[in-house]
Amino acid sequence: MDLHTTSLLVWVPLLPLLGSICNGLLTLVYAKSEHGAPRGLVSAIAVGAPVLACVIAFTLFAQLHGLAPEQRLMTQSLGTWMQAGQLKVGMDLMLDPLSALMICVVTGIGSLIHLYSVGYMGHDRGFSRYFCYLNLFTFSMLVLVLGQNLPMMFIGWEGVGVCSYLLIGFWFTDIAKANAGNKAFITNRIGDFGFLLGIFFLFAFTLHHGGATLDFIRLQDFFHSMPQGAAITTTVATTAALLLFIGAMGKSAQVPLHVWLADAMAGPTPVSALIHAATMVTAGVYMVCRTHFLFDLSPLAQIVVASMGTLTALFAATIAITQTDIKRVLAYSTVSQLGYMFVGAGVGAYSAGMFHVFTHAFFKALLFLGAGSVIHAMHEEQNIWKMGGLKAKMPVTYWTMLIGCLAISGIPPFAGFFSKDEILWQAFNHHHHVIYGLLLLTAGITAYYMWRMFFLTFHGTARDHHKFEHAHESPWVMSLPLVVLAAGSAVVGFLGVPHLLGGSNMFGRWLEPVVGLVEGSSYPTSLEMNLMITSVVVGLIGIGTAWARYSKPVPSTEPTRAVWWDILWNKYFLDETFEALIIKPLVAFSKVFLYRGVEEEAIDAAVNNTPRVYAGISGAVRTVQTGLVRNYALLMLFGAAAIALYYLMKFASLQ
Amino acid sequence: MISLQHFLIASVLLFAVGVAGVVGRKNLFIVFMSIELMLNAVNLSFVAFARFLNQLDGHIYVFLVMAVAAAEAAIGLAIVILLFKGKESLNVDDFSVMKQ
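Chains H and A, in that order, are what the protein sequence lines are. Every letter in the first sequence is one number past the one before it in the working numbering, and letter 92, counting from 1, is 92. Position in the second sequence (first residue = 1) + 655 = the working numbering.
Simulated from the structure, these hints should not be mistaken for laboratory data. Fair warning: this is a prediction, and the values are worked out from it, not measured in the lab. One thing to keep in mind: the hints can contain errors.
[Claimed, not checked] Here are the in silico distance ranges between beta carbons for each label pair:
{"#": "1", "chain 1": "H", "residue 1": "V624", "chain 2": "A", "residue 2": "H714", "range": "36 to 46 Å"}
{"#": "2", "chain 1": "A", "residue 1": "H714", "chain 2": "H", "residue 2": "R622", "range": "42 to 52 Å"}
{"#": "3", "chain 1": "A", "residue 1": "A726", "chain 2": "H", "residue 2": "R622", "range": "28 to 38 Å"}
{"#": "4", "chain 1": "A", "residue 1": "D748", "chain 2": "H", "residue 2": "R596", "range": "51 to 61 Å"}
{"#": "5", "chain 1": "H", "residue 1": "V607", "chain 2": "A", "residue 2": "D748", "range": "33 to 43 Å"}
{"#": "6", "chain 1": "A", "residue 1": "G741", "chain 2": "H", "residue 2": "Y632", "range": "11 to 21 Å"}
{"#": "7", "chain 1": "H", "residue 1": "R622", "chain 2": "A", "residue 2": "D748", "range": "13 to 23 Å"}
[Unchecked claim] If we take Cβ atoms under 10 Å as the criterion, some of the chain A residues that face chain H in the derived model are:
{"#": "8", "residue": "M656"}
{"#": "9", "residue": "V678"}
{"#": "10", "residue": "G679"}
{"#": "11", "residue": "K740"}
{"#": "12", "residue": "V747"}
{"#": "13", "residue": "S751"}
Quick reminder that beta carbons are idealized off the backbone N, C-alpha and C, glycines included.
Use the sequences and the hints to build the structure in full.
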């Protein structure tokens, strides 16, 4: 394959990094001043950097598009990063259809979120610090996406982890929010550990079998050259794939490592949008698609991915039914939608999974920014039971959110319909009928809880009159991104219209050189059509149920308080279970054994007793030093006598 | 006939007297003289060995020791005078600390 090189590629991640450094320096320079750095300058740098990066990303995308499909691969090498023995890791960036798609999403949606943040964070004291982190977040995600080898990806992977920690705990004076940041970081570390083990394993294996490499393209060639179908190939691929998938589970919030994502709502709302739409959580799906050659070789790993995805989708959707915090509803819907994406990847339809990543980025960013707009208008009120009737006050937010909700519910012709239906169809097509059934159920639940949230927020009558009176539509910097994203949510689905509906699945074709494309089916087309209609009907039933229950003026508490409601409200008591099974024993172990036992009894005791021993010895020896000359003379005499005695005995024994 | 043993026994006795003086007496001058006594006890055995082994080495050592003893006496007496000036005392045990 011809390798095209490009010198433009590095600017895509570099620009946000420069923006981050500039704003970081501004923050330091103005640290002592009353108002912080000048907001105009900060916002110009912060928004300008990703917008420029976005322009470059689209240029590169166009360049890539101009090449023949099998030649669509551009690389840029920035030198060697580290070299030790046979390990050689280059600072290499790679642009192929998959990463080109991702950088467009990350910079495009990222830019809109940056713009929106200018309005949303306008009154915050940490304005410049916020944008420093936000740009760094974009940078990390771009490195993750563009990295040509696993260590490069890992750097970006850790980078988004750090930035999510910084941004979730942005208002760090609130201890609960700081703890949420910790939780996100620590939960992610568990996944990262699996990812690291996967990297080590792949390196060790390739090292012992002819050429150590961590480069994606070389790894793919390596696995393709292994005996296909042999036990060793399957075993190795399964081990590596499952280890990497643990990393993906942490980053993409799959059960049971999803607990951090709901708490991540502690951060500013645009951050949630960035985490959920453009960066961070999609990294896991991206990584699975990037290393698809491993999953392709391992049926076991595929079924694990698909099962975990299904479980997560259903699990999170049921929790979302009961949540009252507008952002938490959205957070659980993200977890649920990520489950869909993993099912797509797990059944081997990687382009279907990536298509859902793509459309989800639009409508989830839209929903979060819309929610942020509502929260901003309601003066930081996040409880949907205290809202209601906002339709009249906030028309732009209302109509854009309407589109977002239609999209996520899978109503044609909005974006979510095409991508979600593609995943459902591929699950069915690959004979995973149970998974299909559960996902269909989840689709209904999704529609139900999204519209519950929607009706409670915008319809009915105001339940908190004081806050309602002060509610107002957001400024243009906030509503413009909403409108753009709403337009996107409405139309991007048409990029992946299946053959059945007269389309050509452009999206799948674009990704075909990287991840392949699943076409054809053993089922008749009429069945595919029926399944499609079924999923739309299920979505409509969900919306209808929500309409029946919540569109009327309703009291300000949830009508149902059954046992199952409590279980869902408490998220299946998973946090409590972790607390009891892992955290409590760990803390107790630390306190009793590590602190009392090791720290106090062993280390402290060793440190404290060392001088005591010397003090004792020197106390005993010091008594010899009387200062009396006659004592010394006497000791000298004894010494001389001892030496004389020694030699005498030596000579005596010689004779 | 006086043999080597007799000389050596005399030398050991002299030496023992010297040691006892150094360790046991308190007066600086007595201690000082006891040291001279020890040196001379050694001189005696040197000379005795030289005489009985028919070698000159012992004599040479004796001269060496006498020269050193003379030098030591000069310096030692000077030190004693200085010590006495400081503390108005000739008791060895009074000089158990370095500073004045």
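Going through the hints against the structure:
{"no.": "1", "hint": "H:V624 x A:H714: 36 to 46 Å", "in the structure": "holds, 40 Å"}
{"no.": "2", "hint": "A:H714 x H:R622: 42 to 52 Å", "in the structure": "holds, 46 Å"}
{"no.": "3", "hint": "A:A726 x H:R622: 28 to 38 Å", "in the structure": "holds, 35 Å"}
{"no.": "4", "hint": "A:D748 x H:R596: 51 to 61 Å", "in the structure": "holds, 54 Å"}
{"no.": "5", "hint": "H:V607 x A:D748: 33 to 43 Å", "in the structure": "holds, 42 Å"}
{"no.": "6", "hint": "A:G741 x H:Y632: 11 to 21 Å", "in the structure": "holds, 20 Å"}
{"no.": "7", "hint": "H:R622 x A:D748: 13 to 23 Å", "in the structure": "holds, 19 Å"}
{"no.": "8", "hint": "M656", "in the structure": "violated, 26 Å"}
{"no.": "9", "hint": "V678", "in the structure": "holds, 5 Å"}
{"no.": "10", "hint": "G679", "in the structure": "holds, 8 Å"}
{"no.": "11", "hint": "K740", "in the structure": "violated, 18 Å"}
{"no.": "12", "hint": "V747", "in the structure": "holds, 5 Å"}
{"no.": "13", "hint": "S751", "in the structure": "holds, 3 Å"}
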